[in-house]
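Please model the complete structure; the sequences and the hints are all you need to start from.
Protein sequence lines, in the order shown, are assigned to chains E and S. First residue of the first sequence: 275, per my numbering; consecutive thereafter. First residue of the second sequence: 275, per my numbering; consecutive thereafter.
Just to be clear, a hint being listed does not mean it is correct.
Any copy will do: because identical chains look the same in the list, a pair fits if it lies in one copy or spans two.
What the hints assert, rightly or not - DSBU-like, lysine-lysine: derived pairs with alpha carbons at most 30 Å apart:
{"id": "1", "residue 1": "Lys455", "residue 2": "Lys445"}
{"id": "2", "residue 1": "Lys911", "residue 2": "Lys924"}
{"id": "3", "residue 1": "Lys935", "residue 2": "Lys383"}
{"id": "4", "residue 1": "Lys913", "residue 2": "Lys549"}
{"id": "5", "residue 1": "Lys319", "residue 2": "Lys935"}
{"id": "6", "residue 1": "Lys383", "residue 2": "Lys906"}
{"id": "7", "residue 1": "Lys840", "residue 2": "Lys755"}
{"id": "8", "residue 1": "Lys383", "residue 2": "Lys911"}
{"id": "9", "residue 1": "Lys323", "residue 2": "Lys935"}
{"id": "10", "residue 1": "Lys959", "residue 2": "Lys993"}
{"id": "11", "residue 1": "Lys772", "residue 2": "Lys331"}
{"id": "12", "residue 1": "Lys935", "residue 2": "Lys921"}
{"id": "13", "residue 1": "Lys549", "residue 2": "Lys911"}
{"id": "14", "residue 1": "Lys319", "residue 2": "Lys924"}
{"id": "15", "residue 1": "Lys899", "residue 2": "Lys628"}
{"id": "16", "residue 1": "Lys561", "residue 2": "Lys993"}
{"id": "17", "residue 1": "Lys874", "residue 2": "Lys924"}
{"id": "18", "residue 1": "Lys993", "residue 2": "Lys549"}
{"id": "19", "residue 1": "Lys319", "residue 2": "Lys921"}
{"id": "20", "residue 1": "Lys383", "residue 2": "Lys511"}
{"id": "21", "residue 1": "Lys549", "residue 2": "Lys959"}
{"id": "22", "residue 1": "Lys561", "residue 2": "Lys959"}
{"id": "23", "residue 1": "Lys874", "residue 2": "Lys549"}
{"id": "24", "residue 1": "Lys465", "residue 2": "Lys993"}
{"id": "25", "residue 1": "Lys383", "residue 2": "Lys549"}
{"id": "26", "residue 1": "Lys913", "residue 2": "Lys755"}
{"id": "27", "residue 1": "Lys906", "residue 2": "Lys628"}
{"id": "28", "residue 1": "Lys319", "residue 2": "Lys682"}
To be clear, the hints were calculated from the coordinates, so they are not data collected in a lab. Source: prediction; values computed, not measured.
2 protein chains.
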Amino acid sequence: MNWWKIIGGIFGGAVILAIGLLIGHFGIKKETEIKTEINSPEWVKDISKDVDEEFIKEFMKEVNNKNIEENLRILSKKPHMATTSADEELVKLILTQWNDPVIGLDSAKEERYDVYLSFPDAENPNNVKVLTPQGNANFTSQRAESNLTADQNDPDIVQPYVAFAPKGSAKGKLVYANEGKVSDFQELVAKSIDLRGTIAIVRYGGTGRVNKAINAAEFGVVGVVIYTDPKDINDGKADASETYPNSWYMPPSGVERGSFKENFGDQLTPYYPAKSFTYRINETQIKGLSPIPAQPIGFEDAKTLICELGGPAAPENWQGSLGCVYNLGPGFSQSSRFNNSDVQVNVYNNRTIKSSANVMGLIRGAVEPDRYVLYGNHRDSWVHGAIDPSSGTAVMLEITRVLGAMLKQGKWRPRRSIIFGSWGAEEFGLIGSTEFAEEYYSKLRDRTTAYINVDISVFASDTLRAQGTPPAQSVIFAASKQVNTPLHPSLTVYDNWKKHSNRTSIQHGIIPQLGTLGSGSDYAPFLHYLGITCMDLAYTYDRSKSKARIYPAYHTAFDTFDYAAKHIDPGFLSHQTVARTAGNVLLRLSDSLILPLGVKDYVETLEQYYNTAENNFRDKLQQNKISLEPLKNAINKYKTACDALEKTIKELNSTDEMPLKIRMINDQLMLLERAFINHFAFPDKLYYSHVIWASRTSSVVTFPGLADAYQLAVTTNQKDNWDQVHHQLTIVIQAIENAASTLEIAATI
Amino acid sequence: MNWWKIIGGIFGGAVILAIGLLIGHFGIKKETEIKTEINSPEWVKDISKDVDEEFIKEFMKEVNNKNIEENLRILSKKPHMATTSADEELVKLILTQWNDPVIGLDSAKEERYDVYLSFPDAENPNNVKVLTPQGNANFTSQRAESNLTADQNDPDIVQPYVAFAPKGSAKGKLVYANEGKVSDFQELVAKSIDLRGTIAIVRYGGTGRVNKAINAAEFGVVGVVIYTDPKDINDGKADASETYPNSWYMPPSGVERGSFKENFGDQLTPYYPAKSFTYRINETQIKGLSPIPAQPIGFEDAKTLICELGGPAAPENWQGSLGCVYNLGPGFSQSSRFNNSDVQVNVYNNRTIKSSANVMGLIRGAVEPDRYVLYGNHRDSWVHGAIDPSSGTAVMLEITRVLGAMLKQGKWRPRRSIIFGSWGAEEFGLIGSTEFAEEYYSKLRDRTTAYINVDISVFASDTLRAQGTPPAQSVIFAASKQVNTPLHPSLTVYDNWKKHSNRTSIQHGIIPQLGTLGSGSDYAPFLHYLGITCMDLAYTYDRSKSKARIYPAYHTAFDTFDYAAKHIDPGFLSHQTVARTAGNVLLRLSDSLILPLGVKDYVETLEQYYNTAENNFRDKLQQNKISLEPLKNAINKYKTACDALEKTIKELNSTDEMPLKIRMINDQLMLLERAFINHFAFPDKLYYSHVIWASRTSSVVTFPGLADAYQLAVTTNQKDNWDQVHHQLTIVIQAIENAASTLEIAATI
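Below, the structure written as structure tokens:
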């Protein structure tokens, strides 16, 4: 054999071997390979997918200010008070968009409740009169707001009234009672003013609307007139030339409407959805309504009344900006043209049951359809409601448009389900959202990761204002760091917010101030009754520039598209900013592998509450043999559990982690807030079950049940009241122990 | 070139190619293969693992009757009433076994609560005396049970008493009041018997213990004597020769102890764990305790009293088996040696706070550590408590021994976590279990799949007796079909059970009768307060052979190991059967991929309740304009949701299914029962929050709130009582709507 043949043979063999190797390696499927494929189902990839930052960027880019402007124009074209035909038109409009094949959601529907509302009588307008001793009216309050832009001419504008104020006429000497707080009436009594049989005129602010009337009635007052003082709403400006349409300030004829009721939800069906089959309590059993007639007026009318009052001058801090010295009364001054006249409050409101709709929209979750992120706002207004609530709805519709389009194009589906709610009848006391929370109590409680509320989305264009429970802080921070402010493109919403409102956190250093949630909008039933982590987002004004209690056209016939476009957010860039921020938050909550809820941020609240309780209550508690030590221990336990969970999350290897471990952690984060719910804690407070955030009468900012029980006990110094302090302390400790237990390693006893 | 060279070359080439193919295929790792391995993590296999039937068989084989016998011998050696030193010894014993390195669990610990108990005074034994008009005692009840076996000689046996009966002496004419029901006292009054100032002697049965005293007090009775009639417990046999140790029947000196309290849990800390920091209500605020002294006696003593009574003869169905005609009194007959004598009840019980321990054992779940299966029994007895509760504890310890050994050998780890509880102070009103449920409210509510209670495991050796909520039925059936009866090896526990007690189910045909749960053992807080699917398993007697109210040595000094071994379960094969059945249930709940909870089985209960309500209430409801139609609709909705979920489960491809889909379904099954919980439903009933199973006064077996409200309304015919009927109907409808909603496709609105 020749060498070349040998070499050729070796070479040829090598080539053949190589071909064999190649075919063998790539051409023939291995059995183990086939088996591995069976073992590695499609879902393995989906299940460990985290939030897509590129998608969030794309979403934010897509959010369009012009669309929001257009939404707002349509939404606020007509006055759309709850259950009116214009409200029903908006139900259809939202349903149409959410069911749209190109930009709609997976599904949408309306859900109706028969709810207890209150309307004025169109035939017999409410009014406030000054009556001569002979019974002749020498003053009658204005029937409607002045027609300053074409908008106030709409025949569907509801006349000024406060809902649920009882029908009736009340007559008596007029008294100026400041804000109608208990302390205000006490001060009048201290000044030897006999309040029995009087009519009190009070300004908005300082306490809840209906409280003014409830307080007044307790002092023998028979009727209430309520108005908005230019000092509180207009930074003192009272002249027509300085107010809308010349500025954002409330015109002299503007009347703030509102509901005079203490409790939220449908008043006849507490704890149960107001369906046709539902038992309704008797109207007389409703608690927290005004026992006496009440009527709101504009400050122009208020000036006529207050500036004519006799009696001693009101204290300095009771004085307002009507351009005269406010006297207390009772009755008008001798030099007044109203001398010896009484004031009469005439209310012809009718209480009635009407069908109100929520519109619900759904995007089904791809991986965890049984976990919900809720996003909502009410739809009903008092008049045109451009800012309240349509600025929020305009934003919601733009968010759903962008997400709906992505969804329909197959570009995106969230990990978790997203539920959008357009709530009905919020202005009558958060009714739509409350009925929804009642109807789906079980599944909302078990499955909801968080609720995002965007009601008024833009009060003004200066800075973000966010409220929420502590776990919401981190996701709001994360989102607001990714959005730029409209006016300073190099400044993030986060940094701008921090500039306007900040605090020093032990854990995080200087950070923006996250506000706390009361019960002012539709988050209330989700927070207080269900124990869901909630937040409320908006753009607002620089408090160093304006002290206005709220944006000045609030609940008046001047809250129009024109007002919004000219004075609140020209160009709608703040609306866009809120849409981007809220949408970013929404996407992080729906798509993150690990829920972006910072449960450890509760530690600061708990410790702050603890320190306040210790500083304010310790001595008297010790005297009554009640120790705060177990509360401190519970908080420390909570802190330890947070640290351990944080460590577990940090050490996760998300691509290789058991999906049920991720779910376990997410359930801990989601259900944390639920541990603070105790339905037995406050038997006298309807719906309030959240031990940390329930309503509070005491001015000491600490655990509300403890603060109120303490206040009563120090007042009475009765043994059983001190027992209730101990009882409330036990409730707090047990709630925090349960919270800690929720975060601890799951398989522990 | 030669042909052979060519052929050789081709052949050689082919060999080389083949080698190449083989090396290429098997020898070199593909990149895609490596990638696939990354995509197919270890957990994919674990996560879809279903219950291992072979392992269940092995478990059942390992369960040993001799071990149970030995457990029982040790557990019942000493009287071990709650918080006594013998009870504390058992705490240590159980802890030692559960912490054992060879047969123990993952971890075990004791949890202590400071609970309100009641004990007699050793220095001043309680008694019942007959006093001559001169005040001399011519009869005093026996201080202790007769020493029939060595066991009754134990100095630690607690003297006969009923716990929580108040300290005091009461004296008066004796009256026989049958079972002490309200109707019994009414009948006495109807017979013109003046009950004021009398002492009532009543027999056990017919109503709860303390109710007899509460009812009596309402009729003016000042003291209660309670005894067990041989008719009720001994099938009429009263002679010593026919009773233990000669048979299983109660000896004449036997006294049934018990607690006289209406509500379960620690009486001073309702809704909160009885920790050192916990607020305690004032003793006077406790509801449901006896207002008058009460003392139990044996039927030998009862005979002395009852057979001497004067007055008219008691009605036929009030007559018992003491061997004389029962007269009603008041007072003894003129011919009696006790003529003109009063009866005096002397009670020296002390109420006191003591530390009681639960022993908790844990096996960590491999896949879903945050899902719990609870298994428990109480540890405390009244005397030796061989049957009550040690027969259950003996079984529990054998189950934990077998599972612990498998665990330590690395042969098994459950999918879900298993928590074992040895509860303290059950005899004083389910205290240990209730405090545990209170302390861990949040996480137990959110994570517990089911609670298995095995208290008295063997009442007798004839048949299984199972009680539970409907979802428990299917898993009990599945387990009982896999266990054979001890006496007929070819007969399954299921078939034998069906023979003894069955019903016709629309859905399943003839099936064994699953009993309903009241509040007789430690399942009560889990069921009524937390809404967890519960069951209680035991072996019991053939009711056609004995009418005994319960096994006759119940709560007496004769409930000993000797009694159990000779008269209840010689050979301990029934104990073994219960251990196998309960262990089988436990393993199915802990290891099944899909939770074996038959939520559809609730439909029969709901429909039966509905039909009963319709048949009994319809006419009067219609008259009061209350419609049952929405209730029917809600039940149909529930049914539809069950069918859809059942279909989804059937169509699952378990090896290839998204693990989060499995988890979603399991969460629906687990949380179904929680949807029936409404903490606002029954504000006057402590802990009772389960709308379907709450306690009921009315005899109509339907939704308890509805039944009781209806009963009141038809009695008073007051508008507000009919309103409450409508209110309770709303509560039921809403609970069923929530239940349906829990089972519906998760991503719906």
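Task: Alpha-carbon proximity context of Lys840 and Lys755, limit 30 Å - done: So Lys840 and Lys755 pass the 30 Å test inside one copy only (28 Å; across, 77 Å).
TODO: Pop the pair Lys913 and Lys549 into one bin, within, between, both or neither, using alpha-carbon distances up to 30 Å.
DONE: between (43 Å within a copy, 21 Å between copies)
Open item on the list: Please sort Lys935 with Lys383 into within, between, both or neither, judging by C-alpha distance up to 30 Å.
Closed with: For Lys935 and Lys383, only the inter-copy Cα distance (25 Å) is at most 30 Å; the intra-copy one is 35 Å.
Open item on the list: Treating 30 Å as the Cα threshold, decide for Lys935 and Lys921: within, between, both or neither.
Closed with: both (14 Å within a copy, 28 Å between copies)
Task: Identical-chain pair category, Lys772 with Lys331, by Cα at 30 Å - done: within (23 Å within a copy, 65 Å between copies)
TODO: With 30 Å as the alpha-carbon cut-off, assign the pair Lys874 and Lys924 to within, between, both or neither.
DONE: within (14 Å within a copy, 42 Å between copies)
Task: Lys993 and Lys549: within-copy, between-copy, both or neither at 30 Å Cα - done: between (44 Å within a copy, 21 Å between copies)
Open item on the list: Please sort Lys911 with Lys924 into within, between, both or neither, judging by C-alpha distance up to 30 Å.
Closed with: within (20 Å within a copy, 44 Å between copies)
Open item on the list: Cα distance capped at 30 Å. Does Lys319 pair with Lys935 within a copy, between copies, both, or neither?
Closed with: For Lys319 and Lys935, both the intra-copy (16 Å) and inter-copy (15 Å) Cα distances are at most 30 Å.
TODO: Could you figure out if Lys913 and Lys755 sit no more than 30 Å apart (CA to CA) within one copy, between two copies, both or neither?
DONE: within (27 Å within a copy, 49 Å between copies)
Open item on the list: When Cα atoms must be at most 30 Å apart, do Lys874 and Lys549 count as within-copy, between-copy, both, or neither?
Closed with: between (40 Å within a copy, 26 Å between copies)
Task: Same-copy or cross-copy closeness of Lys455 to Lys445 [CA-CA at most 30 Å] - done: Classified as within; 21 Å inside a copy, 61 Å across copies.
Hints 20 and 24 from the earlier list are contradicted by this structure; the remaining hints agree with it.
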